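Residue numbers (the numbering used here): 4 to 297.
These are calculated hints, taken from the structure and not from any lab test. In this text the structure is predicted, and so the values were computed from the model without any measurement. Ideal Cβ placement from N, Cα and C applies to all residues, glycine included. Be a bit skeptical, because a hint or two may be false.
[Claimed, not checked] Beta-carbon label-pair distances, calculated as ranges:
id	residue 1	residue 2	range
1	E83	P5	43 to 49 angstroms
2	L207	R24	37 to 43 angstroms
3	R34	D144	30 to 36 angstroms
4	G41	R260	41 to 47 angstroms
5	D150	V77	29 to 35 angstroms
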Amino acid sequence: MPMLTRATLADELRRLGVPERGLLLVHSSFRALGPVDGGPEAVVGALLDAMGPAGTVMAPTFTTNLIDPYTWPVPPEERERARILADIPYFDPTTSRPHKMGIIAEALWRTPGTLRSAHPVTSWAARGTLAEALLKDQPLDDPEGRDGPVGRAWQRDAWVLLLGVEHDADTTVHLAESLLEMPHLEILPDRYPSRDARGARVWLPVRKTTKCSDGFLGLGPHLDTAGVVRRGPTGACQSQLVRSRDVVRVAANLLRRQPTALLCADPDCVHCPASRRVLAAWRAPTGTPEAPPA
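Working from the sequences, and respecting the hints, build out all of it.
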């Protein structure tokens, strides 16, 4: 397999339709690309080259390892949980490494000139002309909602790039859930360590917490039916490009008809069985969430 270069990847991204001077939310797998000359930093460079100096690139830098482990995929026993709680550090946007977001997202965060939001659980990194406007004052209690980075990107007609990954990595689907005020977002809240006015360690909840996204794979066929997905080769893998507004529109329409359509089927999932019970009696509001005109 030939080594992928920064220049070749930038050309492939342009052919895929990545818009120069646009706004791009990137979810990625470095491994899926195959060997890359220059590593993840070269991938970040290719993204920035494709977008141009007037563009903005944004990626998730979540730190879900810094929360109460009672909602981890495999929650620890109570004694182990107490030990973990005592050892979890406070979030610091300058030093806390992203957790399971991939090394491309981490490389973007480490790129000089990149900004990072201050949310203690679901922060984002962005570089470009819109970075500050997207990241400032991310709401603590609805971090993936209308006024968070993903919501602000949606309002600015952003594109979502799935670079070697699928929609189970697509945070914009959580925005659709938030805009519909789906009640399962408010169960099993993430809890993060903070300090009270006296400096004592306290654990605070995030009111709307994003849940398991394994079931988001089911959104793909609906987006394909809507004809809104662009696909093309990027290194050794296929990638997808879709407007944020189309993700929200198609997901919201699906969830309005079938509120549990994007929950996973794993009976041992920490989130989805509880979410299914909460959503059984829920009725969606009428109308599709609308962003301002582009």
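Results of checking the hints against the structure:
1. Our hint of 43 to 49 angstroms for E83 and P5 holds, since their Cβ atoms are close to 46 angstroms apart.
2. For the pair L207 and R24, the supplied restraint of 37 to 43 angstroms holds, since their beta-carbon distance comes to about 39 angstroms.
3. The hinted window of 30 to 36 angstroms between R34 and D144 holds, with their beta carbons roughly 35 angstroms apart.
4. Take G41 and R260: their Cβ atoms lie about 46 angstroms apart, and the range 41 to 47 angstroms holds.
5. Taking 29 to 35 angstroms as the suggested C-beta distance range, the pair D150 and V77 conforms, at roughly 33 angstroms.
Hint compliance for this structure: no hint is broken.
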